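Participant: Counted the way our numbering counts, the sequence shown spans residues 5 to 152.
Don't take every hint at face value.
[Claimed, not checked] Straight line, CA to CA, 20 Å or less: simulated SDA-like cross-link-like pairs of lysine to any residue:
(1) Lys119 - Gly106
(2) Lys130 - Glu43
(3) Lys119 - Lys29
(4) Lys119 - Ile57
(5) Lys130 - Ile102
(6) Lys49 - Met115
(7) Lys49 - Glu114
(8) Lys142 - Tyr9
(9) Lys34 - Thr68
(10) Lys31 - Arg100
(11) Lys135 - Glu32
(12) Lys130 - Ser39
(13) Lys49 - Leu126
(14) Lys29 - Met141
(15) Lys27 - Asp69
(16) Lys135 - Ile102
(17) Lys31 - Phe111
(18) Lys135 - Val25
(19) Lys34 - Gln143
(20) Lys130 - Gly66
(21) Lys49 - Phe111
(22) Lys31 - Ile42
(23) Lys34 - Glu114
(24) Lys119 - Asn46
[Stated by the list, open to error] FRET-style restraints, in silico, Cβ to Cβ:
(25) Asn63 - Lys34: 23 to 29 Å
(26) Thr127 - Asp56: 16 to 22 Å
(27) Gly59 - Ser20: 49 to 55 Å
(28) Gln14 - Asp56: 54 to 60 Å
(29) Glu16 - Asn60: 55 to 61 Å
Simulated from the structure, these hints should not be mistaken for laboratory data.
As the structure is a prediction and not an experimental result, all values here were calculated from the model.
For glycine and all other residues, C-beta sits at the position ideal for the given N, C-alpha and C.
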Amino acid sequence: MPNKYFDERQIELLLSNMDGVIKDKRKEAKMALDSVLIEMANFTKIHGAWNDITGNLRNSIGITDDISKIDIRKSSKEKLPSTNFGGSGWFGSILRGILYAGMEYAFFVEMKEGKWVLSGTLTEYKNKALKLFADRMKQLWFYIIILQ
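Can you make the complete structure from the sequences, with help from the hints?
Facilitator: Rendered as structure tokens:
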């Protein structure tokens, strides 16, 4: 039964472009996720509840998609395995982002009464991170349409 919306040639063209479309969407999703994580990192740097005498802890707040890049076990020769998995196909790799504090003593600051390094940010963004991500995806989509 013929498709009433597309002819066979159009369907073949759509399917042949699918890998590129998926790659573009992954790139857009990564940009949206990174922008949310950057906002969270900035929130942590501004509102983090600790006395930062040297500035080292505040400056160590960052984002990545690969935990092996932030392994703070300086003395260990055994590095953490990479979490930046490659993949192919539609669902070959998972989009991920990590908000981190790169100073080893951040854990001990978190344990102190009334202090937080990342936990306060996670509490603040618990209900709004996904909405921000969705909003950023919409903004990117609109921006891309305007540019084309």
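Participant: Evaluate each hint against the coordinates.
Facilitator: Going down the list of hints, with the structure as the test:
Our distance criterion of 20 Å between C-alpha atoms is met by Lys119 and Gly106, whose separation comes to about 17 Å. Only pairs whose Cα atoms come within 20 Å are accepted, and Lys130 paired with Glu43 is accepted, the gap being roughly 13 Å. As the CA atoms of Lys119 and Lys29 are separated by approximately 39 Å, the hinted pair breaks the 20 Å bound. Distance check on the hinted pair: Lys119 and Ile57 sit about 14 Å apart at the alpha-carbon level, within 20 Å; holds.
Between Lys130 and Ile102 the CA atoms are separated by roughly 14 Å; this keeps the pair inside 20 Å, and the hint holds. For the hint pairing Lys49 with Met115, the CA-to-CA distance comes to about 18 Å; that is within 20 Å, so the pair holds. Distance check on the hinted pair: Lys49 and Glu114 sit about 14 Å apart at the alpha-carbon level, within 20 Å; holds. Restraint check: the Cα-Cα separation between Lys142 and Tyr9 comes to about 26 Å, which exceeds 20 Å; the hinted pair is violated.
This hinted pair checks out: Lys34 and Thr68 have alpha carbons roughly 11 Å apart, not beyond 20 Å. The straight-line distance between the Cα atoms of Lys31 and Arg100 is roughly 12 Å, inside the 20 Å bound, and the hint therefore holds. Of the pairs offered as hints, the one joining Lys135 and Glu32 holds, with about 16 Å between alpha carbons and a cut-off of 20 Å not exceeded. Distance check on the hinted pair: Lys130 and Ser39 sit about 16 Å apart at the alpha-carbon level, within 20 Å; holds.
As the CA atoms of Lys49 and Leu126 are separated by approximately 13 Å, the hinted pair is consistent with the 20 Å bound. Taken as a hint, the Lys29 and Met141 pair is honoured in the structure, with Cα atoms around 9 Å apart against an allowance of 20 Å. For the hint pairing Lys27 with Asp69, the CA-to-CA distance comes to about 17 Å; that is within 20 Å, so the pair holds. At roughly 18 Å between alpha-carbon atoms, Lys135 and Ile102 fall within 20 Å of each other, so this suggested pair holds.
For the hint pairing Lys31 with Phe111, the CA-to-CA distance comes to about 33 Å; that exceeds 20 Å, so the pair is violated. Simply put, Lys135 and Val25 have alpha-carbon atoms about 23 Å apart, too far for the 20 Å limit, and the pair is violated. Note on Lys34 and Gln143: the hinted pairing holds, with a Cα-Cα distance of about 13 Å set against a maximum of 20 Å. Restraint check for Lys130 and Gly66: the C-alpha separation of about 18 Å stays at or below 20 Å, so the hint holds.
Using a Cα cut-off of 20 Å, the hinted pair Lys49 and Phe111 holds, with the two alpha carbons roughly 16 Å apart. Pair hint Lys31 plus Ile42 holds up; C-alpha atoms about 16 Å apart against a cutoff of 20 Å. Taking the CA atoms of Lys34 and Glu114, the gap is about 29 Å. The hint is violated against a cut of 20 Å. Of the pairs offered as hints, the one joining Lys119 and Asn46 holds, with about 17 Å between alpha carbons and a cut-off of 20 Å not exceeded.
Taken as a hint, the range 23 to 29 Å holds for the pair Asn63 and Lys34, whose Cβ atoms sit roughly 24 Å apart. Between Thr127 and Asp56 the beta carbons are some 20 Å apart, a value that agrees with the proposed interval 16 to 22 Å. For the hinted restraint 49 to 55 Å between Gly59 and Ser20, the CB-CB distance of approximately 53 Å keeps it satisfied. For Gln14 and Asp56, the hinted distance range of 54 to 60 Å is satisfied, since their beta carbons lie about 59 Å from each other.
Between Glu16 and Asn60, the C-beta spacing of about 57 Å keeps the proposed range 55 to 61 Å intact.
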